Amino acid sequence: MKQFISQISDLQSVAEGYYRLDFQWLIDTVPRAGQFLTIKIGNSTSPLLRRPFAISSFDASTSTASIIFQKRGKGTELLSVMKPGDDIDILGPLGNSFSRIVSEEDESKENHIVVAGGIGTGPMLYLADELKNNGKNPLLIIGCRTRDLVPYSVLDNSINTVICTDDGSAGFKGTVVDYMRSNPGLDSNSVIYSCGPEPMLKGCQLFADETGKSSYVSLEQMMACGVGACMGCTCETRGEKQYARVCKDGPVFAGGEIKWT
Amino acid sequence: MKQFISQISDLQSVAEGYYRLDFQWLIDTVPRAGQFLTIKIGNSTSPLLRRPFAISSFDASTSTASIIFQKRGKGTELLSVMKPGDDIDILGPLGNSFSRIVSEEDESKENHIVVAGGIGTGPMLYLADELKNNGKNPLLIIGCRTRDLVPYSVLDNSINTVICTDDGSAGFKGTVVDYMRSNPGLDSNSVIYSCGPEPMLKGCQLFADETGKSSYVSLEQMMACGVGACMGCTCETRGEKQYARVCKDGPVFAGGEIKWT
Amino acid sequence: MDLTVKIGSLTMSNPVGTASGTFGFGEEYGELIDLSQLGAIYTKALTPEPRPGNAVPRLVETPSGILNSIGLANPGVDRFMSEKVPFLETLKTSVILNVSGSTEDDYRKVLEKTDSLSCIDGYEINISCPNVKHGGLAFGTDPRQVETLTASLRKMTDKPLILKLTPNVTDISVIAKAAEAGGADAVSCINTVRGMVIDTRKRKSVIPAGIAGLSGPAVRPVGVAATYTVSRAVSIPVIGLGGIMCADDAIQYLLAGASAVQVGTGLFVDPQLPLKVSGGISAYMNENGFEKIIDFHGFL
Amino acid sequence: MDLTVKIGSLTMSNPVGTASGTFGFGEEYGELIDLSQLGAIYTKALTPEPRPGNAVPRLVETPSGILNSIGLANPGVDRFMSEKVPFLETLKTSVILNVSGSTEDDYRKVLEKTDSLSCIDGYEINISCPNVKHGGLAFGTDPRQVETLTASLRKMTDKPLILKLTPNVTDISVIAKAAEAGGADAVSCINTVRGMVIDTRKRKSVIPAGIAGLSGPAVRPVGVAATYTVSRAVSIPVIGLGGIMCADDAIQYLLAGASAVQVGTGLFVDPQLPLKVSGGISAYMNENGFEKIIDFHGFL
Ligand SMILES: Cc1cc2nc3c(=O)[nH]c(=O)nc-3n(C[C@H](O)[C@H](O)[C@H](O)COP(=O)(O)OP(=O)(O)OC[C@H]3O[C@@H](n4cnc5c(N)ncnc54)[C@H](O)[C@@H]3O)c2cc1C
Ligand SMILES: Cc1cc2nc3c(=O)[nH]c(=O)nc-3n(C[C@H](O)[C@H](O)[C@H](O)COP(=O)(O)OP(=O)(O)OC[C@H]3O[C@@H](n4cnc5c(N)ncnc54)[C@H](O)[C@@H]3O)c2cc1C
Ligand SMILES: Cc1cc2nc3c(=O)[nH]c(=O)nc-3n(C[C@H](O)[C@H](O)[C@H](O)COP(=O)(O)O)c2cc1C
Ligand SMILES: Cc1cc2nc3c(=O)[nH]c(=O)nc-3n(C[C@H](O)[C@H](O)[C@H](O)COP(=O)(O)O)c2cc1C
Ligand code: FES
Ligand code: FES
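Chains as they are written, first to last, in my numbering: chain A, 1 to 261; chain B, 1 to 261; chain C, 1 to 300; chain D, 1 to 300.
Don't read these hints as lab results, they were simulated from the structure.
Only a predicted model underlies this, so the values are computations on that prediction, with no experimental measurement involved.
C-beta atoms are modelled at their ideal positions from N, C-alpha and C, and glycine is treated no differently.
A few of these clues could be false.
To be verified - Straight-line distance between alpha carbons at most 27 Å, and here's what the computed DSSO-like set of lysine-lysine pairs gives:
hint, chain 1, residue 1, chain 2, residue 2
1, C, K133, C, K6
2, B, K40, C, K276
3, D, K202, A, K71
4, B, K40, A, K83
5, A, K71, C, K6
6, B, K71, A, K83
7, D, K202, A, K259
8, D, K276, C, K276
9, B, K74, A, K71
10, B, K173, B, K71
11, D, K202, B, K71
12, A, K74, A, K40
13, D, K204, C, K6
14, B, K202, C, K202
15, B, K71, A, K71
16, B, K2, C, K276
17, D, K204, A, K74
18, B, K259, C, K202
19, A, K83, B, K202
20, C, K204, B, K71
21, D, K204, A, K259
22, C, K292, D, K276
23, B, K109, B, K132
24, C, K155, C, K6
25, B, K259, B, K248
26, C, K202, D, K204
27, A, K40, B, K132
Unchecked claim - The following label-pair restraints were derived from C-beta to C-beta distances:
hint, chain 1, residue 1, chain 2, residue 2, range
28, C, K113, D, G135, 19 to 29 Å
29, A, G168, C, M1, 53 to 63 Å
30, C, G210, D, G135, 26 to 36 Å
31, A, R145, C, R144, 55 to 65 Å
32, C, D199, D, S235, 25 to 35 Å
33, B, G212, C, P208, 47 to 57 Å
34, D, S116, A, T64, 48 to 58 Å
35, C, G210, A, T29, 18 to 28 Å
36, D, K92, A, S63, 33 to 43 Å
37, D, K6, A, K2, 28 to 38 Å
38, A, T64, B, F4, 55 to 65 Å
39, C, P208, B, F4, 47 to 57 Å
Between the sequences and the hints, there should be enough to build the whole structure, so can you do that?
Printed below as a string of structure tokens:
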């Protein structure tokens, strides 16, 4: 991990309220799927804290990394109006990545189901890409409330992708879990990876448990330091009052480790 | 006075670190020379307070007002990177104006010397313009540290203007007061108006006192409300511990009213 | 939906007032905001004698806040009667007179001269002022002084008596209880937080008086915490303030236990803010099916 | 030019340290900042037993600040010895162990087990913790408790003993004097300010624990005022902190009377900040012809 000032190379809206930001990756360490970075947005004291975003793609040939973010509050609002060429202050890559957490056994399995929802889409696009490059044929399932929120422009045609919308305005009508349940073809020898709203993660975990699949999740939590020093971003793990730091011990965890509430 | 959201029609650099901002004047009240307005810059809580700026010109035919401002801290920095078309939140016109303070006797005098320095330049350009439109032939004296700070592009050729620079890189070498002293031709039946750094105002006042001229000054003070309610922006006036509100009782004062320290 | 708030015998039309010292005696903002739509105007502090106020600068901006040391600049009670009362008499809005002093007597003098005025609907007693007879420590830091002062003023007036608490104490609930015991109809919190800014170029305090009072959004969490603590300690109404910049901020105070709120520093940023805040409170009540302000209480 | 600072028997290489709880035990930030250039590392609080910490979320951003309720999450003294000490032993930087507890005995236990460690150069005693034996009021709000605790720990160690003061008191100078009377080598101020943020949608405190601690630039004026007040009350060195985001902020603290400073929340924004701050302090000393840190004092 390093702190560096980079330049925005591109910033595009990819769905309603969602943006993709590309920037120069100026350090040697190659970021992996599941890892994130933090950005200091603006130079006012409000917003104050650096904002965490997962890496959504990395192109080694051009040293370009990207994130996909949703406009939510004042930090992401400011970020959304930045321009190519503007400086951004990056700290990363942070966190553990899927590759560091997924067991060798799971890695070698045939079926990899990558489930994304909302602001969890970025890291899962990258994970699907990583799996493909490792010779797998991942199934990417993206859940959105409605069609306008589907980031079509950043989807990779070569990856088997299913869109699920709550209102049926695009793809499968229902949640990602509904989709998985209605496709009994997914054999138990699959690995499910998920990132998105907590109910979605819980749903994936439950489904994996019920059907004997492995499950990995990437979590989100309010963060201050992002490097494991402040104990601010913990999640509860199995065992009596045990906490893990999402920023350092995670954000990727074996789903079974987490105490779901 | 009213609060209104206006649009920037133009924003140009006019000297090193100085900008002229033009915007639509959306209310009926015509702002007068010496009056100011406050702008809420950005929508973060830092910078928090509205920032006060004097009106530097007003064109009734196009309903365009302008200010000339110096980039000093974070508020003016943010203002300097705004773009034509951007909204700005204006509260004005505020304060009393020269026309409300200058005595009839002084108004009817022949010689009007308008002295400007630094961030005091805007209101004095407007005052010179107002005097000209009232059939006077004002002498505008602008003091700057050096040539790069002279706002040549906003000067009106039809107004008799003298530039003074501390380093002699343009016009008269010396302060505005040095200039006035070295021109004994200025008869005592003149009125001096000044706005700029405090030492300049004091110098003008002293010179006026010594040579029997009338003197009016436009003051600056940290402001919170800008409308006379908070008692935050006072200046000390003649008499035992007497204070006047710069925002409401001023910013223009007869120089003799002020307790110079 | 009922937005009214009762403080003692007074009913305010809505919970949103303007904080003392930020709104003068109401006149200056009259051009910018419809005064009749305010829940209440809390006036600038009034002392028996006129006070010129402190040396300048009296203000400096801090991160998301401002630091002020106005020094209770006010015209004194006599000029108040002649210069401010005629305007206040034209208003239908509730007017709460903020009263300050250096001795108990000072407060008494102001009440004596103003209690018969029909345009004054209540008093807010600013006890953040240093008590010159008690070594200069603020009245509001000592529960005994607070109870004595409150009881003494209580005997002088039937109008609502609101004690305005300072956050610069170890346990604000003890002070609030003292005010209640002395007979206060309500307490308001918070007054400004002790702070200081130094000009490193001049190597001296920006504000000549030295330590001054911090307000604005920076201190909002402090005000919400104080309101929460105080509203659990007393059974009289609590008026919450400190850093309210939008309806959501005011709703935080109401949920914390306040029955009314005041907007201070926020006015400087947006003079229309009190009306936006009361509008936002109604909208929130609508959305959440709240009928009265009391419906905000009891969630925490 | 001499940037060193003496606290008791310890000489720190420069006045800028990292505030307790924001820098762990030094390891995590090691990749981002040259630890050997820090004046001191003040560790995360250590208690005798491991503490898991509070329920999440533990953090929320406020205007120019953050509110936290970590709950003293720490591995406890035994795991500290095995997991953290080996790393601390590799450092040349001064390491000040921040010690917390719920009873006097808790603090004593930590000192007992750690006093012989050569990698610990001093103690910072966090007295913002609630004292379970005294009705849960924080140690640091009662001068007698502070003096007793300080005296008790003083007998156990020759290492520098720094008492870390809470700003949530009526008169911080009284607490500082109590620490001095008990034998403290220095005091540091401020710990976080009591604050609360309510989620108006969920109608509950964002932080489950309720009232939590405010830090960051929002509270800088509070920290500077406290430092100014305390440094006039005691003759031992004062370490100033709260909201330092740049060298100028740190210089405010030094001019207010501090002999050293700590950077806390600012690290989250810029991990390099402590080094920028010490660089900026040297530059300021150069420009102003200051030879030693003591040259900052006496202007106000
Ligand atoms: C490991 C991790 C990876 C993330 N990846 C992405 C991503 O790829 N794309 C994306 O759109 N979002 C991502 N997020 C969420 C993103 O950080 C927040 O949406 C963003 O910080 C909101 O900032 P704001 O100022 O716009 O909103 P605010 O108004 O400040 O807050 C809106 C919401 O965002 C959350 N938030 C605010 N600050 C932080 C912070 N410092 N740390 C964590 N959460 C915060 C709060 O819980 C709040 O509810 C990620 C968060 C984490 C922890
Ligand atoms: C009546 C009046 C008229 C003015 N007219 C002009 C003008 O025509 N052109 C121009 O360039 N400047 C003018 N100023 C000064 C201008 O308001 C400040 O330069 C500006 O507020 C600085 O803001 P900032 O955020 O960039 O700087 P900051 O970093 O916040 O402060 C820089 C300096 O500006 C002053 N300042 C900051 N905020 C305020 C405030 N709310 N009120 C008054 N002073 C403040 C402070 O004293 C500080 O020393 C005027 C000020 C007043 C009171
Ligand atoms: C400029 C100014 C003047 C003030 N004067 C008074 C006063 O005279 N009496 C008083 O009780 N409080 C006074 N206060 C405190 C405010 O009424 C209020 O308690 C405090 O500012 C917190 O609210 P805010 O953050 O909304 O401003 C003053 C505050 C400011 C900013
Ligand atoms: C996340 C966090 C954890 C903290 N933990 C501790 C602690 O364990 N012990 C302690 O004495 N202070 C602790 N503090 C307080 C800081 O050391 C410091 O006193 C306070 O944050 C003010 O400084 P700042 O504004 O620079 O952060 C903590 C502060 C934060 C933000
Ligand atoms: S954000 Fe500090 S430990 Fe994770
Ligand atoms: S700025 Fe409030 S009275 Fe002038």
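Hints versus structure:
1. C:K133 <-> C:K6: Violated - the C-alpha atoms of K6 (chain C) and K133 (chain C) are around 35 Å apart, more than 27 Å.
2. B:K40 <-> C:K276: 17 Å, holds
3. D:K202 <-> A:K71: Holds. K202 (chain D) to K71 (chain A) sits at ~21 Å (cutoff 27 Å).
4. B:K40 <-> A:K83: 23 Å, holds
5. A:K71 <-> C:K6: At roughly 41 Å apart (the allowed maximum being 27 Å), K6 (chain C) and K71 (chain A) break the hint.
6. B:K71 <-> A:K83: 22 Å, holds
7. D:K202 <-> A:K259: The hint holds at about 22 Å.
8. D:K276 <-> C:K276: Given that 27 Å is the threshold and the Cα spacing comes to 43 Å, the pair is violated.
9. B:K74 <-> A:K71: Satisfied, since the Cα-Cα distance of roughly 24 Å is no more than 27 Å.
10. B:K173 <-> B:K71: 25 Å, holds
11. D:K202 <-> B:K71: Judged against 27 Å, a Cα distance of about 43 Å means the pair is violated.
12. A:K74 <-> A:K40: 12 Å, holds
13. D:K204 <-> C:K6: Measuring from Cα to Cα gives roughly 25 Å; hence the hint holds.
14. B:K202 <-> C:K202: 20 Å, holds
15. B:K71 <-> A:K71: 30 Å, violated
16. B:K2 <-> C:K276: 16 Å, holds
17. D:K204 <-> A:K74: Judged against 27 Å, a Cα distance of about 22 Å means the pair holds.
18. B:K259 <-> C:K202: 22 Å, holds
19. A:K83 <-> B:K202: 46 Å, violated
20. C:K204 <-> B:K71: 24 Å, holds
21. D:K204 <-> A:K259: Within the cut-off at roughly 22 Å; holds.
22. C:K292 <-> D:K276: Not satisfied, since the Cα-Cα distance of roughly 53 Å exceeds 27 Å.
23. B:K109 <-> B:K132: Holds, because 13 Å separates the two Cα atoms, which is no more than 27 Å.
24. C:K155 <-> C:K6: 21 Å, holds
25. B:K259 <-> B:K248: 18 Å, holds
26. C:K202 <-> D:K204: 46 Å, violated
27. A:K40 <-> B:K132: 51 Å, violated
28. C:K113 <-> D:G135: 19 to 29 Å: 44 Å, violated
29. A:G168 <-> C:M1: 53 to 63 Å: Given range 53 to 63 Å: violated, Cβ gap about 38 Å.
30. C:G210 <-> D:G135: 26 to 36 Å: 35 Å, holds
31. A:R145 <-> C:R144: 55 to 65 Å: 60 Å, holds
32. C:D199 <-> D:S235: 25 to 35 Å: Given range 25 to 35 Å: holds, Cβ gap about 26 Å.
33. B:G212 <-> C:P208: 47 to 57 Å: Hint violated: Cβ distance 35 Å, outside 47 to 57 Å.
34. D:S116 <-> A:T64: 48 to 58 Å: For S116 (chain D) and T64 (chain A) the Cβ distance comes to about 53 Å; the hint holds.
35. C:G210 <-> A:T29: 18 to 28 Å: 50 Å, violated
36. D:K92 <-> A:S63: 33 to 43 Å: The hint (33 to 43 Å, Cβ to Cβ) holds, given that K92 (chain D) and S63 (chain A) are roughly 36 Å apart.
37. D:K6 <-> A:K2: 28 to 38 Å: Check passed, 35 Å falls within 28 to 38 Å.
38. A:T64 <-> B:F4: 55 to 65 Å: 44 Å, violated
39. C:P208 <-> B:F4: 47 to 57 Å: 36 Å, violated
Taken one by one, the earlier hints fail for this structure at numbers 1, 5, 8, 11, 15, 19, 22, 26, 27, 28, 29, 33, 35, 38, 39, listed in ascending order.
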